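Trainee: The residues making up each chain are set out below.
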Amino acid sequence: MNRFAYTRAGTVAEAVQALAADPAARLIAGGTNLVDLMKYNVERPDRLIDITRLPLDAISEHEGGLRLGALVPNSKAAYDERVAARYPLLASAILAGASPQLRNAATTGGNLLQRTRCYYFYDEGTPCNKRVPGSGCPAITGVNRIHAILGTSDTCIATHPSDMCVALAALEAVVQVEGPDGARSIPFAEFHRLPGGEPQRDTTLRHGEIVTAVDLPAEDFSGHYTYLKLRDRLSYAFALVSVAAALEMDGDTIRTARLALGGVAHKPWRNAEAEARLQGRPATPESFREAADVILAEARPYAHNAFKIELARRAIVRGLSQAAAGTPQSQTDKRIQ
Amino acid sequence: MATTNLHVGTARSRVDGPAKVTGAAKYAGEFTAPDLAHGVVVSSAITKGRITAIDASAALAVPGVIKVFTHDNRPRTAWLDYNYRDQVAPPGSPFRPLHSDAVVYGGQPIALVVAESFDLARHGASLVKVTYAEEAPNTDLERNRDAAYVPPKKRSGIKPPPDPRGDAEGALGAAPVRLEHEYKQAIEHHNPMEPHASTVVWEGDGKLTIHDKIQGVNNTQGYVCSVFGLKPDDVRVITPYVGGAFGSGLRPQYQLFLAVAAALDLKRSVRVVLTRDQMFTFGYRPETIQTVSIGADSDGRLQALMHDAIAGTSTFEDYQEAVVNWSGLLYHCPNVKLGYKLAKIDTYTPSDMRAPGAVTGIFALEVAMDELAAATGVDPLELRLRNYAERDEGENKDFTSKALRACYEEGAARFGWSQRNAEPRSMREGRELVGYGMATGVWEAMMMKSSASARLTPDGRVEIACSTADLGTGTYTILTQIAADALGVPMEGVTTRLSDTALPEAPLAGGSWTAASSGAAVELACRSVAEQVFRLARQMDGSPLANADFAHVTFADGEIRLANDPSRKVALADAMRAGGAEALEATETAKPSMLTTMRYAAYTHSAVFAEVRVDEDLGVVRVARVVSAVAAGKILNLKTARSQILGGVVMGIGAALEEESMLDHNLGRIMNHNLGEYHVPVNADIHDIEVIFVDEHDDKASPIGVKGLGEIGIVGAAAAVANAVYHATGKRLRELPITIDKILA
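In the order they appear, the protein sequences are chains A and B.
For what it's worth, numbering that gives the first Met the number 0 labels the leading residue of the first sequence as 0, then goes sequentially.
For what it's worth, numbering that gives the first Met the number 0 labels the leading residue of the second sequence as 0, then goes sequentially.
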């Protein structure tokens, strides 16, 4: 860990100004990821801008939906009565991640900005294009059991580690940001990016921009949803594959389908064609398998992660079945339903 | 003298519990000293090659950074390999930190940055620039199988495979049922909660007090004296608490060498604590490839058994463990041939990890036995009974005791084994396939030479002292119980001091021998004190015990009483006052009986039953129930004993389903070197575990009837789970860990 200067921002404008002024500055809120990255020498910020005192920790009504301030802790979001009642998919996804202690410290904005848990990214003894652009990607030919099967590039096969973001992708949340050029809204699907030739860039945030809030649209899918997370142990592990499924049903027929996958790509993965195909179809395993086939047709395996394709196929079918039946996956039972 | 057994054999809470939960218990990295300097280790980025340059100028330019130690400026230490060999070093040339520019394994320590604070040292470490001449690493055991060799020098304390008996190849060829399969054990790291740490306190005049994470302070003392040319009088090692070790603390590790080197060079106190990542840069359970060949008659009676293992070791030491020997021991079989080889890879030397060798070997043997059960249509439990060994046929000895039949019977009854439908995939509940599996566990019941002292004062207080370590296992508690019963005082009246080289010497705490060894020493020392106080009681004017014989008295409630007439009694305090004794002390040494060891084989046994639930579509496995029935002689403390077995079973579930250190063979580097990605079971993975201790009287394994419990809990657990997965799914998985990808494959 390097030595760094510390600044506390009193207003969002101050934070934006400080961040814009110093390319080597980083924001710190919960610090649950950044501090680890600093201990690993992956992040070596010259300056930490503490934003924990900014007035961004409220959950409020917004255009028929809810607005989560960027500093709302994950646990507060998950256990908020309005979130739990109206966006149980989001609450469930949050509770599928990390541990109670981490969720108490981690924030909404920080969750969006957490970095991949690729082994190589964390180990400064190895090359990594995301950590040191142009240095190479040993994961492609190395230990890649946990890596991406969709949207990869020849420079990076890392996955995005968040559970919360998978639910936000399915809910089509909107990210509010403020930067040197003012405020703007970013649809969730456009917030995270694929690695392409610039794996060092996880998001479409511009220099100096700060996430201020995440807006949840009115359509909440509280009747038919699930967050199904499959991993190497039942708690405190990142997803091998996760599925956020949200349906609107007409009896046994699917009216609207949203489906986002975690653990398979550099961002929460959605496929418009697969979702469109589910519309008007009966909620049967056959329909679900067909959607899974569409999503996974473009999947590309590496030496150790081919199983993820079949696992994702089965998880999609199970997740959609749980959502259609109105029997979402419990995050407290010590079992997969 | 008769003992009351008021405490021994009952359930007692840990005497060290309050200190641990309040934080009063200090671990090696928590001791401090005036003017303490802090060292942070720089680890090699390459696995094999040479360091061409280390540029520490940026680190040294940081105010507060004191010195950067590298191979270029390291203090002089002993010249000969011999001096670096600790009590349990395997044959070879022990790793010497900062010895030269050679890099021989990934993550090797190559520099120590010492600074006025931990933060400055860590910052300094991040500024050290190292350049290397890199060579291609060789870490893939599979690719080195052909180069495997029988270790030319045996590791002390590890029995090589016994000579073949009968004609295994011939009998195998003639057997009506034949099976031959390969089994694999992944690399596992111990990952105790407490990271390795050494706080070296500079006492002036070259004298050191060392707080070191170690399973036996005498090993640290011996190593430091030998490597740095110090006298034992100048090096005192005190480590009252150890936060889990599982074998990782048997050998002094590199942070000790570095902290001592820095302290001697700087003439000030230095602390070095390893990071969690660095906990993956020394000993581990080695990757092992095994072949088990079984020949049996159609009723499942063994005709031939062959078990061969190839285990990875470092390029510089021949680490060895008993992997295959169990196959010649556990079952009656006339024709047995066992083989054990090593293959060198560019890793650090493996080290003993909870039931070393047995976890690996018994997994293969007991899955193979399950395969034999399936092949012959014999119930797996019945198969074990048909092949039950009444004697140790490998060494041709009788057992000191063996209540394994009771383990099978009581475990099966409690588990409900009779409800098992023999057909794989025949039991299900909803989406889950249900599987029942079982396996046998076995581990050595060893006793080692150990000393201990006891001291009684007229206030009725007893102090017990012994250099053995309590790794979190309950040693403080059981020694306190033994002393309390032996001298008839309450447990609260006994203070037990451990892990200090100033105390009577005990062996390393390992091998499950501590209870038997140091427990026997404590009992001897207490008995000696009891005799002294009894003599004083008898000599009192008008003593009610004047004509009593020591054999006929009982110590209870702070009194010495005639066993058959408790009204004739003398208080301990009265006897000591009358005799003018300020304190009565004794130091005694307990040793194993050579005659018994030569004539008898001493083992603990277990029968492990597991129920797994496998989601048929998703391949998710959960271990819904485990029953572990254990035969381990006398159980000193039902509570800490149960905890030992619970911990062993949980670790066994980890080995079965989760634990694996993943090597990138291109880089020669373990990649999942943290607790986020190296998975051990969490609470959500663990369901019901029931522990049964069957009655087993043993008057030979140790003088106090104890066989030891530290390791038996893990042995067989992984095989029981793997066999249950087979029963649930019909899929025979022979590679650990059984992860979701293997279930789906």
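Since the hints were derived computationally from the structure, they do not count as laboratory data.
Please note that the accuracy of each hint is not assured.
Quick partial rundown of chain A residues pointing at chain B, CB under 8 Å, derived from the structure [what the hints assert, rightly or not]:
{"id": "1", "residue": "V11"}
{"id": "2", "residue": "T125"}
{"id": "3", "residue": "T252"}
{"id": "4", "residue": "R254"}
{"id": "5", "residue": "Y301"}
{"id": "6", "residue": "I308"}
{"id": "7", "residue": "L310"}
So the derived list for chain B, only partly shown, Cβ under 10 Å to chain A, looks like this [stated by the list, open to error]:
{"id": "8", "residue": "E115"}
{"id": "9", "residue": "S155"}
{"id": "10", "residue": "D276"}
{"id": "11", "residue": "A683"}
{"id": "12", "residue": "E689"}
Calculated cross-link-like contacts (lysine to any residue; reagent style SDA-like; alpha-carbon spacing at most 25 Å) [said to hold, decoys possible]:
{"id": "13", "chain 1": "A", "residue 1": "K38", "chain 2": "B", "residue 2": "Y26"}
{"id": "14", "chain 1": "B", "residue 1": "K590", "chain 2": "B", "residue 2": "N682"}
{"id": "15", "chain 1": "B", "residue 1": "K741", "chain 2": "A", "residue 2": "E309"}
{"id": "16", "chain 1": "B", "residue 1": "K741", "chain 2": "A", "residue 2": "D45"}
{"id": "17", "chain 1": "B", "residue 1": "K128", "chain 2": "A", "residue 2": "D45"}
{"id": "18", "chain 1": "B", "residue 1": "K128", "chain 2": "B", "residue 2": "T69"}
{"id": "19", "chain 1": "B", "residue 1": "K741", "chain 2": "A", "residue 2": "G133"}
{"id": "20", "chain 1": "B", "residue 1": "K730", "chain 2": "A", "residue 2": "P179"}
{"id": "21", "chain 1": "A", "residue 1": "K333", "chain 2": "B", "residue 2": "K730"}
{"id": "22", "chain 1": "A", "residue 1": "K38", "chain 2": "B", "residue 2": "D118"}
{"id": "23", "chain 1": "B", "residue 1": "K730", "chain 2": "A", "residue 2": "L233"}
{"id": "24", "chain 1": "B", "residue 1": "K128", "chain 2": "B", "residue 2": "R275"}
{"id": "25", "chain 1": "B", "residue 1": "K128", "chain 2": "A", "residue 2": "R334"}
{"id": "26", "chain 1": "A", "residue 1": "K75", "chain 2": "B", "residue 2": "Y26"}
{"id": "27", "chain 1": "B", "residue 1": "K128", "chain 2": "A", "residue 2": "K75"}
{"id": "28", "chain 1": "A", "residue 1": "K333", "chain 2": "B", "residue 2": "K741"}
{"id": "29", "chain 1": "A", "residue 1": "K333", "chain 2": "B", "residue 2": "W416"}
{"id": "30", "chain 1": "B", "residue 1": "K66", "chain 2": "A", "residue 2": "G124"}
{"id": "31", "chain 1": "B", "residue 1": "K66", "chain 2": "B", "residue 2": "N143"}
{"id": "32", "chain 1": "B", "residue 1": "K730", "chain 2": "A", "residue 2": "D45"}
{"id": "33", "chain 1": "B", "residue 1": "K128", "chain 2": "A", "residue 2": "G133"}
These numbers come from a predicted model, not from an experiment.
The beta-carbon is built from N, C-alpha and C at its ideal position, and this holds for glycine as well.
Trainee: Does A/G133 lie within 25 Å of B/K741 when you go C-alpha to C-alpha?
Mentor: Given that 25 Å is the threshold and the Cα spacing comes to 34 Å, the pair is violated.
Trainee: Return the status of the interface hint for A/Y301: holds when the least beta-carbon distance to chain B is below 8 Å, violated otherwise.
Mentor: 12 Å, violated
Trainee: Double-check A/R254 for me: the hint is only fine if its C-beta lies closer than 8 Å to a C-beta in chain B.
Mentor: Check failed: Cβ of A/R254 comes no nearer than 26 Å to chain B, outside 8 Å.
Trainee: Compare the distance between the alpha carbons of B/K128 and A/R334 with 25 Å, and conclude whether the hinted pair is satisfied.
Mentor: 48 Å, violated
Trainee: Verify the interface restraint on B/A683: the C-beta must sit less than 10 Å from at least one C-beta of chain A.
Mentor: Hint on B/A683: holds, closest Cβ of chain A at ~4 Å, below 10 Å.
Trainee: A/I308 was flagged as interface toward chain B. Is the shortest Cβ-Cβ separation under 8 Å?
Mentor: 10 Å, violated
Trainee: When you check the alpha-carbon spacing of B/K128 and A/G133, does it fall within 25 Å?
Mentor: 20 Å, holds
Trainee: Taken at face value, is the distance from the CA of B/Y26 to the CA of A/K38 at most 25 Å?
Mentor: 23 Å, holds
Trainee: Double-check A/T252 for me: the hint is only fine if its C-beta lies closer than 8 Å to a C-beta in chain B.
Mentor: 24 Å, violated
Trainee: Using the nearest Cβ pair, does B/E689 come within less than 10 Å of chain A?
Mentor: 17 Å, violated
Trainee: Quickly compare the C-alpha distance for B/K128 and A/K75 to 25 Å and report which way the hint goes.
Mentor: 44 Å, violated
Trainee: B/K730 and A/P179 were given as a pair; does the straight-line alpha-carbon distance stay at or below 25 Å?
Mentor: 60 Å, violated
In this structure, the earlier hints numbered 1, 3, 4, 5, 6, 8, 9, 12, 14, 16, 19, 20, 25, 26, 27, 31 and 32 are contradicted, and the remaining ones agree with it.
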